[in-house]
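Work out the full structure: start from the sequences and follow the hints.
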Amino acid sequence: MYHFSYFKENEKQIILDFFEDHPFVFLTGSSLSGKQVATQIPVLIEERGGQLFLQGHMMRNTDHHKAFAENPHALVVFTGPSAYVSASWYSNPQIGSTWNYMSVHISGQMNFMTRDELIQFMRKFTLKFEKGNTNSLTIYDNLPDKFLNKMMPAIAGFEMKAEEIDNVFKLSQNRDEQSYLNIISKLEEQGGNSALIALEMKKRKTILFPPGVEWDGSRFDS
Numbered sequence: 001m002y003h004f005s006y007f008k009e010n011e012k013q014i015i016l017d018f019f020e021d022h023p024f025v026f027l028t029g030s031s032l033s034g035k036q037v038a039t040q041i042p043v044l045i046e047e048r049g050g051q052l053f054l055q056g057h058m059m060r061n062t063d064h065h066k067a068f069a070e071n072p073h074a075l076v077v078f079t080g081p082s083a084y085v086s087a088s089w090y091s092n093p094q095i096g097s098t099w100n101y102m103s104v105h106i107s108g109q110m111n112f113m114t115r116d117e118l119i120q121f122m123r124k125f126t127l128k129f130e131k132g133n134t135n136s137l138t139i140y141d142n143l144p145d146k147f148l149n150k151m152m153p154a155i156a157g158f159e160m161k162a163e164e165i166d167n168v169f170k171l172s173q174n175r176d177e178q179s180y181l182n183i184i185s186k187l188e189e190q191g192g193n194s195a196l197i198a199l200e201m202k203k204r205k206t207i208l209f210p211p212g213v214e215w216d217g218s219r220f221d222s
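Under the UniProt record's numbering, the first residue of the sequence shown is numbered 1, with each subsequent residue one higher.
Since the hints were derived computationally from the structure, they do not count as laboratory data. Note that CB positions come from ideal geometry on N, CA and C, so glycine has one too. Check before you lean on any hint, since a few could be wrong.
Mimicking DSS-like on lysine-lysine, the simulated pairs with C-alpha atoms at most 27 Å apart in a straight line are [claimed, not checked]:
hint, residue 1, residue 2
1, K128, K12
2, K124, K150
3, K12, K202
Computed spacing ranges between beta-carbons, pair by pair [as the list claims (entries may be wrong)]:
hint, residue 1, residue 2, range
4, D21, K124, 38 to 46 Å
5, Q40, I165, 31 to 39 Å
6, E117, Y84, 27 to 35 Å
7, E163, P211, 21 to 29 Å
8, S97, E9, 19 to 27 Å
This is how it looks when you write it as structure tokens:
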């Protein structure tokens, strides 16, 4: 992960909003023998007592479930939109092209839930992603017992306290204002994920380039 101060997001609420907007994460770890395992799952984030906790579930007896049962150390990666940025859009194009993206890493130790904890989690989980619709036939309390009795023993719920959180919001913060505006314009033309990156860049424009303040690149000296 990049460790340049100008690619770091320091606003806590922006990070929390990022979790809410991108709950489908990449979860990775390893068995005690060192075999790498990975899966992609949706998760919930909760803040309790000033600490962040991540909750999710996975199928039992898969390679990743067995690995985390042996070795609870885990890394969770939240990712947002990304986009290629051509150096031809810079005021000085004779440098390398790059890729803009946003990513947050959370590491910690996974603790598997009890049966009762899993039931409580699945109630919260399905209701959240059904947008609070208690009438939906897919939420936990509206599912038939026959289905629940078959499926619940097949999944393992987990909770992980966020022991370390790091992020990269790489959005051309190291470019001059003319290049920055050119990149936004080009990305907007492309639409899709590129336009989403352009929107994130526009949110930061006045902070990076305050009106009446001449840009001299001094924020990249450290």
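Hints numbered earlier in the text: which of these fail when held up against the supplied structure?
Hints 4, 5, 6 and 7 contradicted; others consistent.
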